[in-house]
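Protein chains in written order, with the working numbering: chain Z, 11 to 536; chain D, 11 to 536.
This list has only true hints and no planted wrong ones.
Okay, derived cross-link-like pairs now, DSSO-like style, lysine-lysine, Cα gap no bigger than 27 Å in a straight line:
{"#": "1", "chain 1": "Z", "residue 1": "Lys528", "chain 2": "D", "residue 2": "Lys322"}
{"#": "2", "chain 1": "Z", "residue 1": "Lys322", "chain 2": "D", "residue 2": "Lys528"}
{"#": "3", "chain 1": "D", "residue 1": "Lys512", "chain 2": "Z", "residue 2": "Lys459"}
{"#": "4", "chain 1": "Z", "residue 1": "Lys516", "chain 2": "D", "residue 2": "Lys462"}
{"#": "5", "chain 1": "Z", "residue 1": "Lys512", "chain 2": "D", "residue 2": "Lys48"}
{"#": "6", "chain 1": "D", "residue 1": "Lys183", "chain 2": "Z", "residue 2": "Lys237"}
{"#": "7", "chain 1": "Z", "residue 1": "Lys452", "chain 2": "D", "residue 2": "Lys512"}
{"#": "8", "chain 1": "D", "residue 1": "Lys459", "chain 2": "Z", "residue 2": "Lys102"}
Rather than coming from a laboratory, the hints here were simulated on the basis of the structure.
Number of protein chains: 2
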Amino acid sequence: MINWKNLDTLDAYQTMKNVKPVNLAEAMSGENGAERVKNYSVPMAEGLAYNYAAKAVDEDVLGALVQLADEAQLADKFEALYNGAVINTGEKRLVLHHLTRGQLGTNVMADGVNKRDFYVEQQERIAAFADKVHAGEIANEAGEKFTTVVQIGIGGSDLGPRAMYIALENWAKKNGCFKMEAKFISNVDPDDASAVLASIDVAHSLFILVSKSGTTLETLTNESFVKDALRKEGLDPAKHMIAVTSKTSPLAKSDDYIEAFYMDDYIGGRYSSTSAVGGAVLSLAFGPNVFADFLKGAAAEDQLAKEADPMKNPDMLDALIGVYERNVLGYGATAVLPYSQALSRFPAHLQQLDMESNGKSVNRFGEPVSYPTGPVIFGEPGTNGQHSFYQLLHQGTDITPLQFVGFRHSQIGNDVTIEGTTSQQKLCANVAAQIVAFACGKPDENLNKNFKGGRPSSIIIGDELNPASLGALLAHFENKVMFQGFCWNLNSFDQEGVQLGKVLAKRVLAHDTDGALKVYSDLLNI
Amino acid sequence: MINWKNLDTLDAYQTMKNVKPVNLAEAMSGENGAERVKNYSVPMAEGLAYNYAAKAVDEDVLGALVQLADEAQLADKFEALYNGAVINTGEKRLVLHHLTRGQLGTNVMADGVNKRDFYVEQQERIAAFADKVHAGEIANEAGEKFTTVVQIGIGGSDLGPRAMYIALENWAKKNGCFKMEAKFISNVDPDDASAVLASIDVAHSLFILVSKSGTTLETLTNESFVKDALRKEGLDPAKHMIAVTSKTSPLAKSDDYIEAFYMDDYIGGRYSSTSAVGGAVLSLAFGPNVFADFLKGAAAEDQLAKEADPMKNPDMLDALIGVYERNVLGYGATAVLPYSQALSRFPAHLQQLDMESNGKSVNRFGEPVSYPTGPVIFGEPGTNGQHSFYQLLHQGTDITPLQFVGFRHSQIGNDVTIEGTTSQQKLCANVAAQIVAFACGKPDENLNKNFKGGRPSSIIIGDELNPASLGALLAHFENKVMFQGFCWNLNSFDQEGVQLGKVLAKRVLAHDTDGALKVYSDLLNI
Numbered sequence: 011m012i013n014w015k016n017l018d019t020l021d022a023y024q025t026m027k028n029v030k031p032v033n034l035a036e037a038m039s040g041e042n043g044a045e046r047v048k049n050y051s052v053p054m055a056e057g058l059a060y061n062y063a064a065k066a067v068d069e070d071v072l073g074a075l076v077q078l079a080d081e082a083q084l085a086d087k088f089e090a091l092y093n094g095a096v097i098n099t100g101e102k103r104l105v106l107h108h109l110t111r112g113q114l115g116t117n118v119m120a121d122g123v124n125k126r127d128f129y130v131e132q133q134e135r136i137a138a139f140a141d142k143v144h145a146g147e148i149a150n151e152a153g154e155k156f157t158t159v160v161q162i163g164i165g166g167s168d169l170g171p172r173a174m175y176i177a178l179e180n181w182a183k184k185n186g187c188f189k190m191e192a193k194f195i196s197n198v199d200p201d202d203a204s205a206v207l208a209s210i211d212v213a214h215s216l217f218i219l220v221s222k223s224g225t226t227l228e229t230l231t232n233e234s235f236v237k238d239a240l241r242k243e244g245l246d247p248a249k250h251m252i253a254v255t256s257k258t259s260p261l262a263k264s265d266d267y268i269e270a271f272y273m274d275d276y277i278g279g280r281y282s283s284t285s286a287v288g289g290a291v292l293s294l295a296f297g298p299n300v301f302a303d304f305l306k307g308a309a310a311e312d313q314l315a316k317e318a319d320p321m322k323n324p325d326m327l328d329a330l331i332g333v334y335e336r337n338v339l340g341y342g343a344t345a346v347l348p349y350s351q352a353l354s355r356f357p358a359h360l361q362q363l364d365m366e367s368n369g370k371s372v373n374r375f376g377e378p379v380s381y382p383t384g385p386v387i388f389g390e391p392g393t394n395g396q397h398s399f400y401q402l403l404h405q406g407t408d409i410t411p412l413q414f415v416g417f418r419h420s421q422i423g424n425d426v427t428i429e430g431t432t433s434q435q436k437l438c439a440n441v442a443a444q445i446v447a448f449a450c451g452k453p454d455e456n457l458n459k460n461f462k463g464g465r466p467s468s469i470i471i472g473d474e475l476n477p478a479s480l481g482a483l484l485a486h487f488e489n490k491v492m493f494q495g496f497c498w499n500l501n502s503f504d505q506e507g508v509q510l511g512k513v514l515a516k517r518v519l520a521h522d523t524d525g526a527l528k529v530y531s532d533l534l535n536i
Numbered sequence: 011m012i013n014w015k016n017l018d019t020l021d022a023y024q025t026m027k028n029v030k031p032v033n034l035a036e037a038m039s040g041e042n043g044a045e046r047v048k049n050y051s052v053p054m055a056e057g058l059a060y061n062y063a064a065k066a067v068d069e070d071v072l073g074a075l076v077q078l079a080d081e082a083q084l085a086d087k088f089e090a091l092y093n094g095a096v097i098n099t100g101e102k103r104l105v106l107h108h109l110t111r112g113q114l115g116t117n118v119m120a121d122g123v124n125k126r127d128f129y130v131e132q133q134e135r136i137a138a139f140a141d142k143v144h145a146g147e148i149a150n151e152a153g154e155k156f157t158t159v160v161q162i163g164i165g166g167s168d169l170g171p172r173a174m175y176i177a178l179e180n181w182a183k184k185n186g187c188f189k190m191e192a193k194f195i196s197n198v199d200p201d202d203a204s205a206v207l208a209s210i211d212v213a214h215s216l217f218i219l220v221s222k223s224g225t226t227l228e229t230l231t232n233e234s235f236v237k238d239a240l241r242k243e244g245l246d247p248a249k250h251m252i253a254v255t256s257k258t259s260p261l262a263k264s265d266d267y268i269e270a271f272y273m274d275d276y277i278g279g280r281y282s283s284t285s286a287v288g289g290a291v292l293s294l295a296f297g298p299n300v301f302a303d304f305l306k307g308a309a310a311e312d313q314l315a316k317e318a319d320p321m322k323n324p325d326m327l328d329a330l331i332g333v334y335e336r337n338v339l340g341y342g343a344t345a346v347l348p349y350s351q352a353l354s355r356f357p358a359h360l361q362q363l364d365m366e367s368n369g370k371s372v373n374r375f376g377e378p379v380s381y382p383t384g385p386v387i388f389g390e391p392g393t394n395g396q397h398s399f400y401q402l403l404h405q406g407t408d409i410t411p412l413q414f415v416g417f418r419h420s421q422i423g424n425d426v427t428i429e430g431t432t433s434q435q436k437l438c439a440n441v442a443a444q445i446v447a448f449a450c451g452k453p454d455e456n457l458n459k460n461f462k463g464g465r466p467s468s469i470i471i472g473d474e475l476n477p478a479s480l481g482a483l484l485a486h487f488e489n490k491v492m493f494q495g496f497c498w499n500l501n502s503f504d505q506e507g508v509q510l511g512k513v514l515a516k517r518v519l520a521h522d523t524d525g526a527l528k529v530y531s532d533l534l535n536i
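All chains should be modelled from the sequences, with the hints used to inform the complete structure.
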């Protein structure tokens, strides 16, 4: 029997609050610190590991978090989710993104079909289509191969797929599976579509229109933009476009597209990178096998997330530590800091994933909660960030928990040795150094040069960023956000907060405004 | 006589705290709201305007802020700064980035020269050099024109110039002044340099090595990376590289570079976009006249920043409202949300500018302060952000103040009309709608769809993003950060918080570690 309770009604909440806070600088010093780094680690899938030694936790805090996991029934709730319960209470929908990459539990039937079969079918249809495009069997009007794929979508149809593409682009080139360059058009700003169109060979480009509902304003507008550009070149838009949409959308059976691939209402936009939304563009760019490996990594991480003991479940433990930092230590933001240039847009994807899922003030029953929920998420790759905003992270007045990611090997493998070490070694040395600098600090009589330490971080360490480890990394954060939503008793799968702006924007465009909105409209010459 | 006092010792601080908070949702409703939008606006340079109607201020709050500006002697401190006082107390340096774009006060002599003349001389030397490159008088070994310019630098030598380049790239193409494509190598991750080098025609590329000290690890490492690549193509690196550095650096008189251009210790990295650091790459990419217009816009905004009355000084007023939000309302982060795809990396630059300047816990005398200083800064362009993290901004448990930027016209001018409106109109309608949605909210019986409002924002509105308005926009934020540093009694111009990580990274690379640091090093195979 699952009970959905607010965090502050749980006994574990009081336990957490009453545990003595950890002196992180002290805990991470000397041999005790060395032991922590060795022991405070949980294996993830695909050779990754979640190391939380530099978090402000100890056996007592972890004990409280184990109690919380149990009392909040995190494992039971995840099981209910992947077995098809209506977890998205606001929109009364199932939440099935895990099924896009594996069968975690019982069969889930919805819309009269087995949903796992449905997602596999879409993946296979995309794979067959991509193979034909790569073989030149599906080609442009002149019978020439498509060389570029352009995704038209916004939000979850853009950030996730774009971040994954950038993460794997160099790996694919290095490993001989780079098939087509991908570009992305998202913003309704006309300069976005104009600039992308000016940068590509339109005649050899295949466009993917991605919209679940088939009604997203930005996406349909940019589709028209692209169709105009195709027609200006004397090309037939219907020969250059495919759609990724739901079966019930107006795009699903349209002659405007070479082919349509399907997602459904049980895949939230921000959870759609492993569905057809990510599948089409990634399979076209890198081939279906790369996409399949990416799904394999995500599925392997999902399997680990089923474990009820958080000490063996890296996704759940990361979630619980985050709740402790937010609700007991009172921290308002989290920085995501991948030491990998390939992950340059991964923080922007996590920003959506986390902030859109858990940036809410009411629980899953629509009742106000009286504790902080999702934090602000931001980040840039290291070492770049070190020369930018790390000053505030080290010496600012507020403490921001940090999430590092690092890999032992680079993707391309070209390197240079300066002063006896490679760039990859320098990169890794920097992330190791930062963790210890943040945790331990360093006293200095000149307070301007003093580092208090006590600034918590975790790191996910892997061998190499490749399709499988990227899938595991993505699933880790999806599952972390899900578990945090369970702790906070939120519905992490709707986004009512985006609606009011849409309604008001329509009124502005219809000139149906008064008061402040009318004056702003006038100032902007609308 | 200037007094440097902590914020909490000022009478104005108590006044601010005692003023009745504004009910923003109420203030922005109806005709009162319309009047606010008309009146709560201060002209900026180059046709921009700073509109603060949707900030939680009224005549009483503004009165307190005027008192604060006066008591904290903001105008006097700025005057001392541009007239050459040692404002950077930690490093005992002048702060002269304003002189890179104009003569604001008396002549400033340092290092035996008139510094304004020195900066102008560098600008002119760069202009002459760029003209020769564009004319083919300075060419590669084969006598062929350079077609690409690649900046090698990190932090302030990367983020600002990169953001400015992206901001003007489409404008320059549209207006016939696009001379050379620019690329940027920053991260010590070897995949960063590898990927950029693979994307360019090395034989026709001119590289700019940017390092004030000439000792930045990442930059020197990437220089070697590039030199190796040049040699592998049988090219002479000394024929493909210029340097931007200080006159005292080892790079200044080296035969390794075609030419060296100079900055100095009085220009902080994050304030260097208007110096030779931005000047070389922007003049090469777009021509010296575009860079001159950019400086003109920045200088015009600086002139406005001299005004002692904050109600007529947009940079000072923005700063003061931010202090009120941070120290009275208690908000921990600020989101920067430009409704312009061209400003896609502008938030990342502001993140460095703000967080590295004011993310500090000690005052300019090295004494601890007992109030919050610089906030976390993050952001992405609209409308993209609307489909991502705006959910938390609208309905999250914490309030995040917002800084919008919008332009009446796009840069490229291509557009498409859908449902009777252009994309540019849709873009502007969205930013207008968001401001009102955040401020006013909208009650709903279903609390999941309820918008409380009361979420403050300001907007900078302009006609078009071009070199001059971009310069004004940049200077606005530089001056805002400076004024906030004055209010908080910080030294906004050093960055001691980045040092400890550097020291520890060197120890890791020298295998001179123990405890936690040694175990992390082992885990990362260093």
